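Asks: Chain by chain, the residues:
Number of protein chains: 2
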Amino acid sequence: MHTRRDFLQKITYSAMAFPLLAATRQSDLFHFNKEPYDGPVLRVAIMGLGGYGTRVARAMEACKKAKLVGLISGTPAKIKDWRSKYQIPEKNCYNYENFDELKDNPDIDAVYVITPNALHHDQVIRAAKAGKHVICEKPMGLNAQEGEEMIRACNEANVKLLVGYRMHFEPNTLEVVHMREKGDFGKIHFFQGQCGFRIGDPNQWRLDKALAGGGSLVDIGIYAINGARYMVGEEPIWVAAQETKTDPVKFREGVDETILFQLGFPRGAVASCLSTYNMNHLDRFFLNGEKGFAEMQPSTGYGPIEGRTHKGKLTQPHVTHQTLQMEEMASIILQGKKSVIPVDGEEGLKDLKIIDAIYKSCKSGDKLNLNL
Amino acid sequence: MHTRRDFLQKITYSAMAFPLLAATRQSDLFHFNKEPYDGPVLRVAIMGLGGYGTRVARAMEACKKAKLVGLISGTPAKIKDWRSKYQIPEKNCYNYENFDELKDNPDIDAVYVITPNALHHDQVIRAAKAGKHVICEKPMGLNAQEGEEMIRACNEANVKLLVGYRMHFEPNTLEVVHMREKGDFGKIHFFQGQCGFRIGDPNQWRLDKALAGGGSLVDIGIYAINGARYMVGEEPIWVAAQETKTDPVKFREGVDETILFQLGFPRGAVASCLSTYNMNHLDRFFLNGEKGFAEMQPSTGYGPIEGRTHKGKLTQPHVTHQTLQMEEMASIILQGKKSVIPVDGEEGLKDLKIIDAIYKSCKSGDKLNLNL
Chain A
6 MHTRRDFLQK ITYSAMAFPL LAATRQSDLF HFNKEPYDGP VLRVAIMGLG
56 GYGTRVARAM EACKKAKLVG LISGTPAKIK DWRSKYQIPE KNCYNYENFD
106 ELKDNPDIDA VYVITPNALH HDQVIRAAKA GKHVICEKPM GLNAQEGEEM
156 IRACNEANVK LLVGYRMHFE PNTLEVVHMR EKGDFGKIHF FQGQCGFRIG
206 DPNQWRLDKA LAGGGSLVDI GIYAINGARY MVGEEPIWVA AQETKTDPVK
256 FREGVDETIL FQLGFPRGAV ASCLSTYNMN HLDRFFLNGE KGFAEMQPST
306 GYGPIEGRTH KGKLTQPHVT HQTLQMEEMA SIILQGKKSV IPVDGEEGLK
356 DLKIIDAIYK SCKSGDKLNL NL
Chain B
6 MHTRRDFLQK ITYSAMAFPL LAATRQSDLF HFNKEPYDGP VLRVAIMGLG
56 GYGTRVARAM EACKKAKLVG LISGTPAKIK DWRSKYQIPE KNCYNYENFD
106 ELKDNPDIDA VYVITPNALH HDQVIRAAKA GKHVICEKPM GLNAQEGEEM
156 IRACNEANVK LLVGYRMHFE PNTLEVVHMR EKGDFGKIHF FQGQCGFRIG
206 DPNQWRLDKA LAGGGSLVDI GIYAINGARY MVGEEPIWVA AQETKTDPVK
256 FREGVDETIL FQLGFPRGAV ASCLSTYNMN HLDRFFLNGE KGFAEMQPST
306 GYGPIEGRTH KGKLTQPHVT HQTLQMEEMA SIILQGKKSV IPVDGEEGLK
356 DLKIIDAIYK SCKSGDKLNL NL
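As given, the protein sequences belong to chains A and B, one line each in that order. Going by my numbering, the first sequence opens with residue 6, and the numbers climb by one from there. Going by my numbering, the second sequence opens with residue 6, and the numbers climb by one from there.
For the record, the hints were derived by calculation from the structure and aren't laboratory data. Don't take each hint at face value.
No distinction is drawn between identical chains; accordingly, a pair holds when it is met within one copy or between any pair of copies.
As the list claims (entries may be wrong) - Lysine-lysine pairs mimicking DSBU-like chemistry, simulated, CA-CA at most 35 Å apart:
| # | residue 1 | residue 2 |
| --- | --- | --- |
| 1 | LYS250 | LYS316 |
| 2 | LYS108 | LYS296 |
| 3 | LYS296 | LYS85 |
| 4 | LYS96 | LYS316 |
| 5 | LYS318 | LYS255 |
All figures in this text were calculated on a predicted structure; none of them were measured in a lab.
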């Protein structure tokens, strides 16, 4: 744990060293210290009270700009537990049949959809039609077509759509992005993202094609996809991908176990990435440029992100990713704040277009052009 | 520097811990300590007195089983310098026109060909026809067809053909190979090899297609190719590759600057590799299995090879790679010793077949099957 004093010192240093990030850092400071906040608060309903929903709710306890006020679940027992834990009024609780009635509830501003991937598309569109802003856990949908429909529905309903990208606010990640922006690495040549873990319970929804829509790629490989984009700072123009499967019992048809994929960028940089549900000892980002490098390991886990560059160790303080994410998303939704790395529906759609192309390339064996 | 006592202690430890490597370690011990050696000595002529030839000659000063006794060069001034430095008799010196006369010289056993890549094929065949064993610096030739012709010529001449693979004898490398062989990593899932450096002088032969036959891949990427093979311990069955070029002035047509390539293995392991002449901060091997991992960085440089596994740091002593290589190659040629990782012409040919496929895949964008 960092003391407030430590934190302030680091913040002061960062704000001086990295003016571009100062806004984000100032808001971190605002939330994580004990000063009172009397600005607007985003009133959030969580849809899907599973493992990750639980993590988000716990993280939100430390938020000042966002507050958990509503629940959507198909399991009455979960609603009961959460209501008592978070003092949620009964009138703010819904199930998957009746949550369209959110449109008549003026006490909820936004819905955070944290359900299995295959449900995102319909649920996000319904929440939007109920007039609520939507934060959708990644992957935003199963494919680019779903993503486009979701963006259109949110635009038509005049609500904001954000994707639950927590790394996009992580301080060490932003420090590396800022170093790249100000030229510390020189021209970028290479990014490597190795994302994965050995998945447990073979009966979980993540290994069910109907609910997950895929395997490791949509769940964990997506960190390497958007990591490549924000680390290189360009949009890829080609992709190639190769799949391997060593356990077809655990990883059934349509559920990828391990995929290698490569991306090419307009100025010649390339990315080499690994997505897997079958290996530990990974979670590494490596960015290499003409003048220097950044290495992050762990790079996307929930715990502290650690790493170094040619200039030394990354020293930004650890904050609970989901707390920071929800604070920042509240500012984006309520105050029109712009984040350093975008987290809107268009951003989610770009990742989905790349995912579509990766799966296509795995099947055909061809290198494919991308047009994001 | 290690003292002899340190070295002996480490050797004793290794020999106990890794019986398979004991033979190699015993011979290391034999050479690097001060005990007398009165067995057979391989009398070597170096062909090509450039930068790497100079390095090999210097390393051979510490050899007991191999001795530099002859020179082949097109530059009389170099011959003069080397003769005086290494006390080489005039009768053991040749140029590129007359070295076929080696057949009449009973005082030279083997020729180490250390010339630009495009010359290897003809020079190796001529040395073989002169009845000399041949060590050919990597890449053995420009393509698999050349490799096959070289192997045939050496077989017909009844001489041995070895490829100058120095890493194949490096103690930490062998320790990782041995750990894999005895199952310490469990089933192997993944290998990563990132090999490259930012090349200097744009006028050197390595950047001349006519002499180099290619670019980074044949020179430095080849370490990732054979590294993948000996680390995974299988022969790849498919390959895909992608090229990028950011500086077409320095890296002209046919001279690759940066290539990503991927290999698939029979039991489902995959390798993801980078070959480049345009980046520093690389030189990393990473082997990942069901039960553990090995990470080596630097993994193929001349200096000490460093790394760690899930069991701790790699602690084999550093030895000058080329010294150890030449000692071991002397034993292979003179005494029929078998190395832990093969270094014969067939081994070089496999790498050339993969190189052919990588270049082909870069052009077509297709994933290709391999049959080694």
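Asks: Evaluate each hint against the coordinates.
Replies: Against the structure, the hints come out as follows:
1. LYS250 with LYS316: between (39 Å within a copy, 27 Å between copies)
2. LYS108 with LYS296: neither (53 Å within a copy, 52 Å between copies)
3. LYS296 with LYS85: The answer is neither: 56 Å in one copy and 42 Å across copies each exceed 35 Å.
4. LYS96 with LYS316: Close neither inside one copy (54 Å) nor across copies (56 Å); limit 35 Å.
5. LYS318 with LYS255: Result: close only across copies, 34 Å inter versus 39 Å intra.
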